[in-house]
Amino acid sequence: LTNAQLEDVGVVGPAHHEADDQHGQPGQGPAAAAAAPAPAPRRGHLPPSLPPQLRSALDSAGPAPPGWPGSERGRMPLGVDNSATDREHPGPMTGSRSNISIGITAFHCVNNSTAQLEQQAVRIENLELRSQHGCSAWKVFNENLVHMIEQAQKELQKRRKHIQDLNWQHKNMQLTAEMQSTWVSLVSKNYEIERTVVQLEKEIHQIKQQHGEANKENIQQDF
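All letters in the sequence shown, in the order written, are residues 1 to 223 by this note's numbering.
Keep in mind that the hints are not guaranteed to be accurate.
Restricting the straight-line Cα-Cα distance to at most 35 Å, the calculated cross-link-like pairs of lysine-lysine (DSBU-like) are [stated by the list, open to error]:
#1 K161 - K139
#2 K154 - K139
#3 K171 - K154
#4 K171 - K189
#5 K158 - K171
#6 K216 - K202
#7 K171 - K161
#8 K158 - K189
#9 K139 - K158
#10 K202 - K189
Label pairs and their calculated CB-CB ranges [said to hold, decoys possible]:
#11 I104 - V146: 46 to 52 Å
#12 N167 - Q206: 57 to 63 Å
#13 S131 - I100: 32 to 38 Å
#14 V184 - H147: 38 to 44 Å
#15 Q151 - V184: 37 to 43 Å
#16 L156 - H133: 30 to 36 Å
#17 I149 - T114: 43 to 49 Å
It is worth saying that the hints were derived from the structure and are not from the lab.
Even for Gly, the Cβ is constructed at its ideal location relative to N, Cα and C.
Could you put together the complete structure from these sequences and hints?
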């Protein structure tokens, strides 16, 4: 464990770093060391607020070796590979927010599982009902289908007959209109013929009168 990690858990405090720095600086004697504040308790004297697991691990490690140099925060002595100790380890999740999020996640998981189980139960119940009443249901469905087909065929015959009647009516209307137009044209032609006949009769009558007068004059001349 580094000094920084021990300080985070309450084993080594800032006073211990200051004392180590004062011992490591040149030109300072026993007076400076005596004036420095007392160092924080080391591994042999652990504070009572440590977790039980960390306390047992530090107790089993024994006291700190002599000449353990203290320098800047998080520094290790020379010749020691600190690549693994420099990594930041996440601390325990404290606070009610993490507990609430965990509880909400668990609640959603339970609800999801319950919904899936209910869906599976409904599907099983549907399969059981189908196995019990499937044959009868298909028979009833086929009977209804046959009845519907018969009704549809009857309706189709009615519609065809109605369409045929409408076609005959339309054809009769067209023939009637055509005959009316033909009658009008024939009547107009007859009228023209009658006028021509009357005019010819007038001309014949005039010719007869002229011949009659001419005959009278000839008879008078003969006498």
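For each hint, the structure was consulted:
1. K161 - K139: holds (33 Å)
2. K154 - K139: holds (23 Å)
3. K171 - K154: holds (26 Å)
4. K171 - K189: Satisfied, since the Cα-Cα distance of roughly 27 Å is no more than 35 Å.
5. K158 - K171: Distance ~20 Å between K158 and K171 Cα, so the pair holds.
6. K216 - K202: Holds. K216 to K202 sits at ~21 Å (cutoff 35 Å).
7. K171 - K161: holds (15 Å)
8. K158 - K189: Not satisfied, since the Cα-Cα distance of roughly 46 Å exceeds 35 Å.
9. K139 - K158: The given pair, whose Cα atoms are some 29 Å apart, holds under the 35 Å limit.
10. K202 - K189: Holds, because 20 Å separates the two Cα atoms, which is no more than 35 Å.
11. I104 - V146: 46 to 52 Å: violated (57 Å)
12. N167 - Q206: 57 to 63 Å: Holds, since N167 and Q206 (Cβ atoms, about 59 Å apart) stay within the stated range.
13. S131 - I100: 32 to 38 Å: violated (47 Å)
14. V184 - H147: 38 to 44 Å: Check failed, 56 Å falls outside 38 to 44 Å.
15. Q151 - V184: 37 to 43 Å: For Q151 and V184 the Cβ distance comes to about 50 Å; the hint is violated.
16. L156 - H133: 30 to 36 Å: Taking Cβ atoms as reference, L156 and H133 lie about 33 Å apart, which means the hint holds.
17. I149 - T114: 43 to 49 Å: For T114 against I149, whose Cβ atoms are near 46 Å apart, the range 43 to 49 Å holds.
Violated hints, listed in ascending order, are 8, 11, 13, 14 and 15; each of the other numbered hints is respected by the structure.
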